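Novice: Here is what each chain is made of, one letter per residue.
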Amino acid sequence: MPAKRLGWIAHRQRSFLAGMAPALVVLALITIAPAIYLVLTSLTPLNLTLPGSAWDFSSPAGNYIDLFEDPRFSRSVWVQVKLSVATVILQLLVGLGVALLLNGGTRIRELARSGFLIPMVLPPIVVGILWRVMYAVDISPFHRFMAFIGLPVPSLITDPNWALFAIVIAETWEWFPFTMLMVLAALQMIPASPLEAARIDGANNLQIFRYVMFPYIQQTLVVAAIFRLIDSIKAFPLIFVLTDGGPGDVTEVTNYYAYRQAFTFSLWGYGSAIATLMVVGIFVLSWVIDRLTGAAYAEAD
Amino acid sequence: MQKQIDPQPVVARPSSNPVSRYWFQRNRRWLGDVGTIALLLLVLFPFAWLVQMSFRPNRDILGYELLFTPTLAHYKALWTGAFPASFVNSMITSICSTVLALLLGVPAAYALSRGGFKSSRRIALWILATRMAPPIAFTIPFFLAYRYLGLSDTLLGLIIVYLTFNLALVIWMMQPFFDGVPRELEEAAWIDGCSVWEAFRRVTLPLSAPGLAATAVICFILSWNDFFYALVLTRTNASTAPVAIVNFIQYTGWEWGRIAAAGTLVMLPVVVFSVLVRNYLVRGLAAGGVKE
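Order-wise, the sequence lines are chains A and B. Letter by letter, the first sequence follows residues 1 to 301 of our numbering. Letter by letter, the second sequence follows residues 302 to 593 of our numbering.
Simulated from the structure, these hints should not be mistaken for lab results. Predicted model only: the values in this text are computed from it and were never measured. Some hints here could point you the wrong way.
[Stated by the list, open to error] Just so you have them, the derived chain A footprint on chain B, three or more residues with Cβ under 8 Å: (1) 350-359; (2) 383-392; (3) 402-408; (4) 465-475; (5) 519-532.
[Claimed, not checked] Anything over 12 Å on all C-beta distances counts as not near chain B; from chain A, calculated: (6) A23; (7) F57; (8) S193.
Ideal Cβ placement from N, Cα and C applies to all residues, glycine included.
Okay, chain A solo, but in the shape it has when bound:
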């Protein structure tokens, strides 16, 4: 009898493995194999116009050395930092604010929730186009209104001082619903009794938010921030449609620079080196955040 039971368990585990195997094999083929290929390419000066450059490992660190001396690369990292920090902070603030408003629990606010998440699900290219409309002087309702009241404003996306700001606004518009939805879910998990108790004790709204609600949603805010931070490093369609990295290179983030090097200038080795550094950077960043927040929670508990 036990032997038969063991046989069934072994058989069951084999069935599970058989069910899992195809997915894992495919996932390995489409994620790990390209990752290896990417790193290998980054060690070569691959340029599709130069035959023989594909597997030329004569100076494996060449691309990386060039990168550290490339001012345009370091500028792109700086643009990335500015864009990421600004959009993540704005998204958290706006998302949190809207979530608190929608948490009011009336029918209208319940319905409004579906409306507020529209920006997030729109195809990014459409988001780019509709902000392109908003920023085009001759067609944007905003610019036409300003011109109408005698205060014409030049287009933000063609002004080097404001182009990045224009991207930040569009990016915040697109992604604040993400924080909003996550915070709303967290707010609805807060038990009613501490809120009641605080209200009876005469706490005002600000105090209730700071001392009762905030501890419950703190972790959600951190998770939302991490996700948005990492996704902001992938910013592409908005920049592609709104500014194409310009004017000059003021909105050229690292992702965009890698794309240009590889797909515009055909410098595949160099583009791969940038992409490899981006992957490493994202993993290091996730690890650091994980350690920092993990330590903070361990302390708080």
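Given chain A, put chain B in place with the hints provided.
Specialist: Positioned in the frame of chain A, the structure of chain B alone reads:
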């Protein structure tokens, strides 16, 4: 005899103007509703503007009068160009990639949920890493490999690339749904003579149908919305609708009416679907981050 109740509040509130404060407190419900509606209109304004532009006749495309005779001219113009083909391409790639991801990912998610494998944590990390990695890190090797494999500018090539995010998403999203199905039901089916996968197909899968539907819709949305992969890996034959819009801009310039119409068509399915799966969106888009 009862004492007269003091109408003053017991706790003195630190407010400079108690009258306005009480008025605000008493009316905060509908004030909040009004604020919500105003904010919603403001947020959706750019979106609504694009939609109305798509119906505006060309001669007053720049107009901002609220009243105009809507026209379908821009949609008709789109219909005769290359746009319908790209729309079909988008449909084919999104649907095929979703179906493939489900076929491969659903059994894997079930096995991970039930198997109690030691390596399941490592697999979860791997899936998270796939979610975090920037698309440029995939596009460069895929582009180079596709040149040799003859897959560049093909629908099959795009379908495979979309698996990089869809497959990981399916495994991640379906696992908690399977965790929620009581094991006793499957065990009963096993005792009745079902094999492991028969029991899965007849018992567990039907019980997880809402989760399956939500996962499928989110996979579809992510593939449909993709711009970067399609831009890089297609040229003319397999270009999807988002890329077609961009090509269109590059060839004919900023022809606002037609661009607005194309944009409206591209976002239509997504807006409809997203309202349907609203409650699962967070789990899907934050796959890997939201702890159940």
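Novice: Does each hint fit the structure? Answer for all of them.
Specialist: Evaluation of the provided hints:
no.	hint	in the structure
1	350-359	holds (count 3)
2	383-392	violated (count 0)
3	402-408	holds (count 3)
4	465-475	holds (count 4)
5	519-532	holds (count 6)
6	A23	3 Å, violated
7	F57	16 Å, holds
8	S193	20 Å, holds
The earlier numbered hints that this structure contradicts are 2 and 6.
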